[in-house]
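In case it helps, the working numbering puts the sequence shown at residues 57 to 179.
Think of the hints as simulated: they come from the structure by calculation, not from any bench.
Treat the hints with care, as some may be off.
To be verified - Between beta-carbon pairs, the in silico distance windows are:
#1 R156 / G69: 18 to 28 Å
#2 W167 / G147: 40 to 50 Å
#3 G90 / T117: 23 to 33 Å
#4 K63 / E176: 16 to 26 Å
#5 Q121 / K63: 30 to 40 Å
#6 I75 / V168: 41 to 51 Å
#7 I75 / R97: 14 to 24 Å
#8 R118 / G147: 37 to 47 Å
#9 V168 / P119: 41 to 51 Å
#10 K68 / R89: 17 to 27 Å
#11 G147 / R97: 14 to 24 Å
#12 Q71 / Q103: 15 to 25 Å
#13 G145 / R166: 47 to 57 Å
Glycine residues also receive a C-beta, built at the ideal position from the N, C-alpha and C atoms.
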Amino acid sequence: MRGRKYKPHIRKGDQVMLIKNITGSGEGNDRERGYIGKVLRVFPKQQRVIVEGVNLRLRHTRPTQTYPQGGRVQQERAIHISNVQPLDGDGEPTRVGRKRIVDAESGRGRWVRYAKTTGEELD
57 MRGRKYKPHI
67 RKGDQVMLIK
77 NITGSGEGND
87 RERGYIGKVL
97 RVFPKQQRVI
107 VEGVNLRLRH
117 TRPTQTYPQG
127 GRVQQERAIH
137 ISNVQPLDGD
147 GEPTRVGRKR
157 IVDAESGRGR
167 WVRYAKTTGE
177 ELD
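Between the sequences and the hints, there should be enough to build the whole structure, so can you do that?
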């Protein structure tokens, strides 16, 4: 991977399924294998994603305008991108491929992601 830009197979807004249990020292709010959630943020260089409702941790915050009392705030933490798979149109987890689509009118091409199980485009 040295010298090349990593292009993740997951994008912000994708519906994904956990394919591996996420365990940790949380307070029992870790999600298990098979949980479906939405990707909130992607970190390509670290190969990590934040999924809604997964890997919740308590963060102790100082008083701010948003939280005048301060205290403990529960937030999602990043998990490794290999622990999730995007869902195809049938709602099943799928691997992702890339193919080049050429526009007939302009002759310009673009790369799109597609589901390996059904062949439909994910973008």
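Verification of the hints:
Checked against the given bound of 18 to 28 Å, the beta carbons of R156 and G69, roughly 23 Å apart, stay inside it. Evaluation of the 40 to 50 Å hint for W167 and G147 yields a failure: the beta carbon distance comes to about 25 Å. Taking 23 to 33 Å as the suggested C-beta distance range, the pair G90 and T117 conforms, at roughly 32 Å. As the Cβ distance of K63 to E176 is approximately 20 Å, the hint placing it in 16 to 26 Å holds.
A beta carbon spacing of about 38 Å between Q121 and K63 agrees with the range 30 to 40 Å that was offered as a hint. For the pair I75 and V168, the beta carbons lie near 23 Å from each other, so the given range of 41 to 51 Å is not met. A C-beta distance of roughly 19 Å is found between I75 and R97, which places it inside the suggested range of 14 to 24 Å. Our hint of 37 to 47 Å for R118 and G147 holds, since their Cβ atoms are close to 42 Å apart.
Judged by the Cβ atoms, the range 41 to 51 Å given for V168 and P119 holds: they are separated by roughly 47 Å. K68 and R89 have their C-beta atoms about 23 Å apart, which keeps the hinted 17 to 27 Å range intact. The hint said 14 to 24 Å for the Cβ distance between G147 and R97, and at roughly 23 Å that hint holds. Range check, Q71 to Q103: Cβ separation about 20 Å, and the 15 to 25 Å hint holds.
At roughly 20 Å, the beta-carbon separation of G145 and R166 lies outside the given 47 to 57 Å, and the hint is violated.
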